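Participant: Sequences and hints are given; from them, build the entire structure.
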Amino acid sequence: AQKITQTQPGMFVQEKEAVTLDCTYDTSDPSYGLFWYKQPSSGEMIFLIYQGSYDQQNATEGRYSLNFQKARKSANLVISASQLGDSAMYFCAMREGRQAGTALIFGKGTTLSVSS
Amino acid sequence: NAGVTQTPKFRVLKTGQSMTLLCAQDMNHEYMYWYRQDPGMGLRLIHYSVGEGTTAKGEVPDGYNVSRLKKQNFLLGLESAAPSQTSVYFCASSYLDKNYEQYFGPGTRLTVT
Chain A
1 AQKITQTQPG
11 MFVQEKEAVT
21 LDCTYDTSDP
31 SYGLFWYKQP
41 SSGEMIFLIY
51 QGSYDQQNAT
61 EGRYSLNFQK
71 ARKSANLVIS
81 ASQLGDSAMY
91 FCAMREGRQA
101 GTALIFGKGT
111 TLSVSS
Chain B
117 NAGVTQTPKF
127 RVLKTGQSMT
137 LLCAQDMNHE
147 YMYWYRQDPG
157 MGLRLIHYSV
167 GEGTTAKGEV
177 PDGYNVSRLK
187 KQNFLLGLES
197 AAPSQTSVYF
207 CASSYLDKNY
217 EQYFGPGTRL
227 TVT
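Those protein sequence lines, which keep their order, are chains A and B. Numbered per this note's numbering, the first sequence spans residues 1 to 116. Numbered per this note's numbering, the second sequence spans residues 117 to 229.
It should be emphasised that the hints constitute simulated quantities derived from the structure, not laboratory data. Given the structure is predicted, the values throughout are model-derived calculations rather than measurements. Don't take each hint at face value.
Said to hold, decoys possible - Below are the BS3-like pairs computed for lysine-lysine, each with C-alpha atoms no more than 25 Å apart in a straight line:
id : chain 1 : residue 1 : chain 2 : residue 2
1  : A       : 108       : B       : 173
2  : A       : 73        : A       : 3
3  : B       : 187       : B       : 173
4  : B       : 125       : A       : 108
5  : B       : 130       : B       : 187
6  : A       : 70        : A       : 3
7  : B       : 186       : B       : 125
8  : B       : 173       : A       : 3
Facilitator: Following this line, the structure appears as structure tokens:
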């Protein structure tokens with residue numbers, strides 16, 4: 001079974017609109033972390049936002065927020081007021097367990113296209 | 117602060133040739149990782165290291181070897197390249213931090229013909 005599922009291969013949004021990118025995860029470990037990364041066409045991986053499994057509040061970083069629904073095992077990324085520069089591939093990832101050295105498990109990604 | 121750097125950025129190999137990819141980080145991170153990214157597959161972990169002199173296998177380790185002789189460097193070796201190893205390779209590192217955020221290098225695009 002996939003640990004991280006991103007069901008939207010591609011999403012299209014107009015500038016200034018909000019968009020939600022879906023991510024569901026599967027783990028039996030009570031301690032885990034959820035991450036979102038952005039990969040523009042230039043190829044680098046850019047960290048956007050992090051949510052810990054014990055965090056009480058949804059994480060926010062500027063225009064990015066993470067809609068964390070623990071019971072549903074979902075960690076959707078919300079981008080408010082989309083900009084043309086937001087066009088990129090977005091990856092959801094999970095770290096299981098408490099050890100800092102644990103590697104990330106990535107989803108297959110969602111391509112976001114922002115139009116003017 | 118250069119962050120995480122990777123050498124080379126691009127490489128074309130013939131089947132059976134060998135090469136080493138170098139990853140260097142200047143953030144004094146304990147943990148380093150090698151991932152590969154294939155179309156439609158996301159990133160998959162090849163090998164990782166939790167400290168100088170230690171390495172461990174990830175999800176797709178076959179055909180690769182690694183070494184971490186110095187804390188700041190993590191080398192990925194292909195002894196006998198195969199076309200199935202055509203991919204983009206990313207190195208990442210992380211600090212002992214509550215978020216365990218991983219910092220990624222710019223990637224190496226490898227083609228094996």
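Participant: Take the hints in turn and mark each one as holding or not.
Facilitator: Right, here's what the structure says about each hint:
This hinted pair checks out: residue 108 of chain A and residue 173 of chain B have alpha carbons roughly 21 Å apart, not beyond 25 Å. Distance restraint check for residue 73 of chain A and residue 3 of chain A: the Cα-Cα separation of roughly 11 Å lies within the 25 Å cut-off, and the hinted pair is therefore satisfied. For the proposed pair residue 187 of chain B and residue 173 of chain B, the alpha carbon gap of about 18 Å is at most 25 Å, so the pair holds. For the suggested pair residue 125 of chain B and residue 108 of chain A, the alpha carbons sit about 23 Å apart, so the restraint of at most 25 Å is met.
This hinted pair does not check out: residue 130 of chain B and residue 187 of chain B have alpha carbons roughly 31 Å apart, beyond 25 Å. For the hint linking residue 70 of chain A to residue 3 of chain A, the alpha-carbon distance of about 15 Å falls within 25 Å, and the restraint holds. With a C-alpha separation of about 21 Å, the suggested pairing of residue 186 of chain B with residue 125 of chain B holds against the 25 Å cut-off. Only pairs whose Cα atoms come within 25 Å are accepted, and residue 173 of chain B paired with residue 3 of chain A is accepted, the gap being roughly 18 Å.
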